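Chemist: So the chains spell out like this:
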Amino acid sequence: MSVRNEPAITPELVKEHGLTPDEYQRVLAILGRTPTYTELGVFSVMWSEHCSYKSSRAFLGRFPTRGPRVLQGPGENAGVVDIGHGWALAFKMESHNHPSYIEPYQGAATGVGGIMRDVFTMGARPIANLNLLRFGRPEHPKTPYLLDRVVAGIAGYGNCMGVPTVGGELFFDGSYDSNCLVNAMTVGLLRADRIFRGNASGPGNAVLYVGSKTGRDGIHGATMASEAFGEGSEEKRPTVQVGDPFTEKLLLEACLELMEKDIIIGIQDMGAAGLTSSSCEMAGRAGTGVELNLERVPMRETGMTPYELMLSESQERMLMVVKQGGEEEARAVFQKWDLDAEVVGRVTSDGMLRARWHGEVVAEIPAREISDQAPEYERPRSRPRYLDETAKLDESSIPVPSDLNATLVRLLGSPNLCSRRWVWRQYDHQVMVGTVEGPGGGAAVVRLPQTGTGVALTAGCNSRYVFLDPRLGGCIAVAECARNISCTGATPIALTDCLNFGSPENPEVLWTFVEAIEGVSEASEKLDIPVVSGNVSFYNETSGSAVFPTPAIGMVGVMEDVTRAIGIGFSQAGMRVALIGQFRPQAGGSEYLAAIHGKTAGTPPALDLAAEARVQSLVRKLAGDGLLKAAQDVSDGGVAVALAEMCLRPGQPMGVTVRLPGPAASRPDVLLFGETQSSILIAFAPEMEAAVRAAASSADVLFVPLGMTGGAKLVIEGLIDAPLDHLRDAHENGLKKVLEHSRAGAA
Amino acid sequence: MKTAVVVFPGSNCDRDIYHVCRHVMRWSTEFVWHKETTLPAGTDLVILPGGFSYGDYLRSGAIARFSAIMSAVKSHADRGGAVIGVCNGFQILTESGLLPGALCRNRDLKFICAPVGLRVENAGSIVTRAYRAGERIRMPIAHADGCYQAGEETLKRLEGEGRVLFRYVDEAGEPSERGNPNGSLHNIAGVLNDRGNVAGLMPHPERCAETILGSTDGRRFFESLVK
Numbered sequence: 000m001s002v003r004n005e006p007a008i009t010p011e012l013v014k015e016h017g018l019t020p021d022e023y024q025r026v027l028a029i030l031g032r033t034p035t036y037t038e039l040g041v042f043s044v045m046w047s048e049h050c051s052y053k054s055s056r057a058f059l060g061r062f063p064t065r066g067p068r069v070l071q072g073p074g075e076n077a078g079v080v081d082i083g084h085g086w087a088l089a090f091k092m093e094s095h096n097h098p099s100y101i102e103p104y105q106g107a108a109t110g111v112g113g114i115m116r117d118v119f120t121m122g123a124r125p126i127a128n129l130n131l132l133r134f135g136r137p138e139h140p141k142t143p144y145l146l147d148r149v150v151a152g153i154a155g156y157g158n159c160m161g162v163p164t165v166g167g168e169l170f171f172d173g174s175y176d177s178n179c180l181v182n183a184m185t186v187g188l189l190r191a192d193r194i195f196r197g198n199a200s201g202p203g204n205a206v207l208y209v210g211s212k213t214g215r216d217g218i219h220g221a222t223m224a225s226e227a228f229g230e231g232s233e234e235k236r237p238t239v240q241v242g243d244p245f246t247e248k249l250l251l252e253a254c255l256e257l258m259e260k261d262i263i264i265g266i267q268d269m270g271a272a273g274l275t276s277s278s279c280e281m282a283g284r285a286g287t288g289v290e291l292n293l294e295r296v297p298m299r300e301t302g303m304t305p306y307e308l309m310l311s312e313s314q315e316r317m318l319m320v321v322k323q324g325g326e327e328e329a330r331a332v333f334q335k336w337d338l339d340a341e342v343v344g345r346v347t348s349d350g351m352l353r354a355r356w357h358g359e360v361v362a363e364i365p366a367r368e369i370s371d372q373a374p375e376y377e378r379p380r381s382r383p384r385y386l387d388e389t390a391k392l393d394e395s396s397i398p399v400p401s402d403l404n405a406t407l408v409r410l411l412g413s414p415n416l417c418s419r420r421w422v423w424r425q426y427d428h429q430v431m432v433g434t435v436e437g438p439g440g441g442a443a444v445v446r447l448p449q450t451g452t453g454v455a456l457t458a459g460c461n462s463r464y465v466f467l468d469p470r471l472g473g474c475i476a477v478a479e480c481a482r483n484i485s486c487t488g489a490t491p492i493a494l495t496d497c498l499n500f501g502s503p504e505n506p507e508v509l510w511t512f513v514e515a516i517e518g519v520s521e522a523s524e525k526l527d528i529p530v531v532s533g534n535v536s537f538y539n540e541t542s543g544s545a546v547f548p549t550p551a552i553g554m555v556g557v558m559e560d561v562t563r564a565i566g567i568g569f570s571q572a573g574m575r576v577a578l579i580g581q582f583r584p585q586a587g588g589s590e591y592l593a594a595i596h597g598k599t600a601g602t603p604p605a606l607d608l609a610a611e612a613r614v615q616s617l618v619r620k621l622a623g624d625g626l627l628k629a630a631q632d633v634s635d636g637g638v639a640v641a642l643a644e645m646c647l648r649p650g651q652p653m654g655v656t657v658r659l660p661g662p663a664a665s666r667p668d669v670l671l672f673g674e675t676q677s678s679i680l681i682a683f684a685p686e687m688e689a690a691v692r693a694a695a696s697s698a699d700v701l702f703v704p705l706g707m708t709g710g711a712k713l714v715i716e717g718l719i720d721a722p723l724d725h726l727r728d729a730h731e732n733g734l735k736k737v738l739e740h741s742r743a744g745a746a
Numbered sequence: 000m001k002t003a004v005v006v007f008p009g010s011n012c013d014r015d016i017y018h019v020c021r022h023v024m025r026w027s028t029e030f031v032w033h034k035e036t037t038l039p040a041g042t043d044l045v046i047l048p049g050g051f052s053y054g055d056y057l058r059s060g061a062i063a064r065f066s067a068i069m070s071a072v073k074s075h076a077d078r079g080g081a082v083i084g085v086c087n088g089f090q091i092l093t094e095s096g097l098l099p100g101a102l103c104r105n106r107d108l109k110f111i112c113a114p115v116g117l118r119v120e121n122a123g124s125i126v127t128r129a130y131r132a133g134e135r136i137r138m139p140i141a142h143a144d145g146c147y148q149a150g151e152e153t154l155k156r157l158e159g160e161g162r163v164l165f166r167y168v169d170e171a172g173e174p175s176e177r178g179n180p181n182g183s184l185h186n187i188a189g190v191l192n193d194r195g196n197v198a199g200l201m202p203h204p205e206r207c208a209e210t211i212l213g214s215t216d217g218r219r220f221f222e223s224l225v226k
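Going line by line, the protein sequences match chains A and B. In terms of numbering that gives the first Met the number 0, the first sequence is numbered consecutively and its last residue is 746. In terms of numbering that gives the first Met the number 0, the second sequence is numbered consecutively and its last residue is 226.
Some hints here could point you the wrong way.
[Stated by the list, open to error] Derived lysine-lysine pairs resembling BS3-like cross-links, with alpha carbons at most 30 Å apart:
{"id": "1", "chain 1": "A", "residue 1": "K141", "chain 2": "B", "residue 2": "K109"}
{"id": "2", "chain 1": "A", "residue 1": "K620", "chain 2": "A", "residue 2": "K598"}
{"id": "3", "chain 1": "A", "residue 1": "K141", "chain 2": "A", "residue 2": "K525"}
{"id": "4", "chain 1": "A", "residue 1": "K335", "chain 2": "A", "residue 2": "K141"}
{"id": "5", "chain 1": "B", "residue 1": "K155", "chain 2": "A", "residue 2": "K335"}
{"id": "6", "chain 1": "A", "residue 1": "K53", "chain 2": "A", "residue 2": "K525"}
{"id": "7", "chain 1": "A", "residue 1": "K736", "chain 2": "B", "residue 2": "K155"}
{"id": "8", "chain 1": "B", "residue 1": "K226", "chain 2": "A", "residue 2": "K335"}
{"id": "9", "chain 1": "A", "residue 1": "K141", "chain 2": "A", "residue 2": "K212"}
{"id": "10", "chain 1": "A", "residue 1": "K212", "chain 2": "B", "residue 2": "K34"}
{"id": "11", "chain 1": "B", "residue 1": "K226", "chain 2": "A", "residue 2": "K260"}
{"id": "12", "chain 1": "A", "residue 1": "K260", "chain 2": "A", "residue 2": "K322"}
{"id": "13", "chain 1": "A", "residue 1": "K736", "chain 2": "A", "residue 2": "K598"}
{"id": "14", "chain 1": "A", "residue 1": "K53", "chain 2": "A", "residue 2": "K14"}
{"id": "15", "chain 1": "A", "residue 1": "K260", "chain 2": "A", "residue 2": "K212"}
{"id": "16", "chain 1": "A", "residue 1": "K335", "chain 2": "A", "residue 2": "K260"}
{"id": "17", "chain 1": "B", "residue 1": "K1", "chain 2": "A", "residue 2": "K335"}
{"id": "18", "chain 1": "B", "residue 1": "K1", "chain 2": "A", "residue 2": "K260"}
{"id": "19", "chain 1": "A", "residue 1": "K322", "chain 2": "B", "residue 2": "K155"}
{"id": "20", "chain 1": "A", "residue 1": "K212", "chain 2": "A", "residue 2": "K335"}
{"id": "21", "chain 1": "A", "residue 1": "K620", "chain 2": "A", "residue 2": "K525"}
{"id": "22", "chain 1": "A", "residue 1": "K141", "chain 2": "A", "residue 2": "K712"}
{"id": "23", "chain 1": "B", "residue 1": "K155", "chain 2": "B", "residue 2": "K73"}
{"id": "24", "chain 1": "B", "residue 1": "K34", "chain 2": "B", "residue 2": "K73"}
{"id": "25", "chain 1": "B", "residue 1": "K155", "chain 2": "B", "residue 2": "K1"}
{"id": "26", "chain 1": "B", "residue 1": "K1", "chain 2": "B", "residue 2": "K73"}
{"id": "27", "chain 1": "B", "residue 1": "K1", "chain 2": "B", "residue 2": "K226"}
{"id": "28", "chain 1": "B", "residue 1": "K1", "chain 2": "A", "residue 2": "K735"}
{"id": "29", "chain 1": "B", "residue 1": "K155", "chain 2": "B", "residue 2": "K109"}
{"id": "30", "chain 1": "B", "residue 1": "K1", "chain 2": "B", "residue 2": "K109"}
[To be verified] Here are the computed distance ranges between Cβ atoms for each label pair:
{"id": "31", "chain 1": "A", "residue 1": "L386", "chain 2": "B", "residue 2": "R21", "range": "56 to 64 Å"}
{"id": "32", "chain 1": "B", "residue 1": "G133", "chain 2": "A", "residue 2": "E328", "range": "36 to 44 Å"}
{"id": "33", "chain 1": "B", "residue 1": "T215", "chain 2": "A", "residue 2": "H84", "range": "24 to 32 Å"}
{"id": "34", "chain 1": "B", "residue 1": "L57", "chain 2": "A", "residue 2": "E138", "range": "53 to 61 Å"}
{"id": "35", "chain 1": "A", "residue 1": "G451", "chain 2": "B", "residue 2": "D169", "range": "44 to 52 Å"}
{"id": "36", "chain 1": "A", "residue 1": "E256", "chain 2": "B", "residue 2": "H22", "range": "19 to 27 Å"}
{"id": "37", "chain 1": "A", "residue 1": "E328", "chain 2": "B", "residue 2": "E170", "range": "41 to 49 Å"}
{"id": "38", "chain 1": "B", "residue 1": "G161", "chain 2": "A", "residue 2": "E256", "range": "17 to 25 Å"}
{"id": "39", "chain 1": "B", "residue 1": "R78", "chain 2": "A", "residue 2": "E259", "range": "31 to 39 Å"}
{"id": "40", "chain 1": "B", "residue 1": "L108", "chain 2": "A", "residue 2": "A684", "range": "55 to 63 Å"}
Because the hints were derived from the structure by calculation, they are not lab data. Note that the structure is predicted; figures quoted are calculated from it, not measured. Even glycine gets a Cβ: it sits at the ideal position worked out from N, Cα and C.
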């Protein structure tokens, strides 16, 4: 088959399309002939790492994905879980790392736009956004610029959509100097019996193109996202798409309005690889074919070719299959919202993805084979050599700071522990009048006015831990998210992952990837939190240097009575403060070791998943019984930083005086700032102490009374005595200092 | 109270306002699409909600003022009917001339979502009757274009006629520079028209009208309308 005016297929052209000689042989075998130029483009994007998961698929099956609440597991646009009362949550997290490094505002904005489309194609109204951000060292010349523009891009898109951004995580480390991570998560609410899927069934049904016109932006974006960066990456700026949140808001409302009628068979977002992936995947899932008439696609520019139309990643577009005869009804809804909606093709029964251009066939590929026969690699893996080096940590070689108060102030103002208010002040975190606990705590809580119930949401990953021990780090990432959710009183029910790693062609990277999956899976099983959706982002490296392995976890939880939601702040004086769970602080892998002593070493704190499950269950019970005023886990920065955050959280800071357990430690620094797992600080009214103690005892969880809230200082007897206004100044100004690096540099 | 909530393309606080009017205040409430040319029969109150009408791609509110429904909103106001604009709704009211002044980009050029201190300046208006004069309250703001600007004459009239509804204040209750989140002249957060039936403000009373959301300071804004 040959097509007029298309370039001839040469080995060079094949190579430019990122297909290996073996992969090209596969193409020839599937087609039984030389591909057309358009077909070559289709295979190139569909078999890119980004779309095909060719290096990761072999390992992703390890994730536990089933559970009584799971209505839709991985493989769709988003996972869906039952939250009772006839309602469900659809959610997913996705990376937009490469585009965000090249063009931070648009890269981050379209990342948010893309994940929201994934969620509302399921029939869900997005109710919350979260994100997980990683940047290089604060003193790196690009860091302040990337941080400023990524945050602005997330804000610009999410705010305009009217979806609150309620939480997230921000972390700086030199491993991200030349490769930032921007992972966006959206959670949507839908009726449990009204789930829409990307399914092109019913030959004869209409294929409807909806939303923005197609331009030349983002062609081969998916391919770009599947390569490592080298010199001159910024020149790839034209492969980054430009976002239009206003059009997406219209698209959201129009789609949800149309979903109320009974004419949509299937729907899928045109994200990475645009029209190509949406049509292939919808036909592939249904075992049907799709015939497209490309000249009918609404175009933004003149002179566009079939190749460009198939590969464009223009944003804010949807592909829908509507019942034959329902075309006009669908079009009327989109007209109301001033959106383009064109019937661009039909579902067929021959299993082929066929694209025509003014009648001429320009591509004809068996739709199912393109995914089923996609290459799959189980590349070599080897344990990284660095692990032997990092594991050697001699705690005695670390000097004990002479002034612990000053160390606490330094930590609270350090880039990874300081307040993120500068960030989330730019996000509308209250629109939709549902935000009960907003950003700045461990997990956010959003109420559902329909039922009086609440959902708790969080995203996080201690990537330093994953670097130091990929399996344990993966385990801890899940445990910590679950702990944050449990601390609000909610029960964690499902998670999504976004696995950010370097090149899978590097055996050491692939080893950490597989180990991290194992860790995430172990914790997911033991804590009974299935994985319902996910995303893999490889090639997060520049010139051979990879980012910290970062299996970002996004998690949702539910609580029956949202009025029982607990925050992290000490809001009243005279409350008792205690610790439940384990308390075994250590220096290894800690933020303290990195921020104060400049060392990334040791191994992460040990995690006993059974003990973890017990302490989480206890904190949920205490919250559910109305016994608690505040709860927060001890994590990065140790117990001293956790207490300081609890003091500083309320609008009007509240002091506390505590005595830490154990004999006077020879390492007061480790006692205060060392990190531990399965450890939760709680505050409660004095009259509740007996009940709290009894509940802990019957749950077989250690209960350690620490002290009482009150005053205007943080006092840890014998170790810390710090006025809260000093701590607050350091905490609130930390991020401004990071941003000022750029101004100083520019001046 | 029969309420009409106008929905412009890009409105995103329409459902929030509806929720408070319908489920908290228990008013009869309807959405009105911007392409309509008339308000529902018997409408007492028209609310222009917050959001990003037309993406705010030109100037906030500058395109929405040309929507078909706006002539019906104007006629309603001309007849003395109550009209309220919150955030983007306030911007649309100034753009359409129903309220004086203009809302420009915030002083620090960034979107700000935060609770702010407000002082009730005029406790006799249709939206402030349930507050006490001089009372200090807190409401959230969420905007990039909330810096209130007006000519000197206009400001003098607004101040002289008691048409400043709310002023941004600091912790001490003073309308200082520090208490001013966006650079608004005279720390103005909300104003009233000369006839007293059209009100606009940047803060979001609908976001603080229920205990579960941490504050009910905005509840009395709505209660004022039926007092």
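Chemist: Of the numbered hints stated earlier in the document, which are not met by this structure?
Modeler: 2, 3, 4, 5, 7, 8, 9, 11, 19, 22, 25, 28, 30, 32, 34, 35, 37, 38, 40
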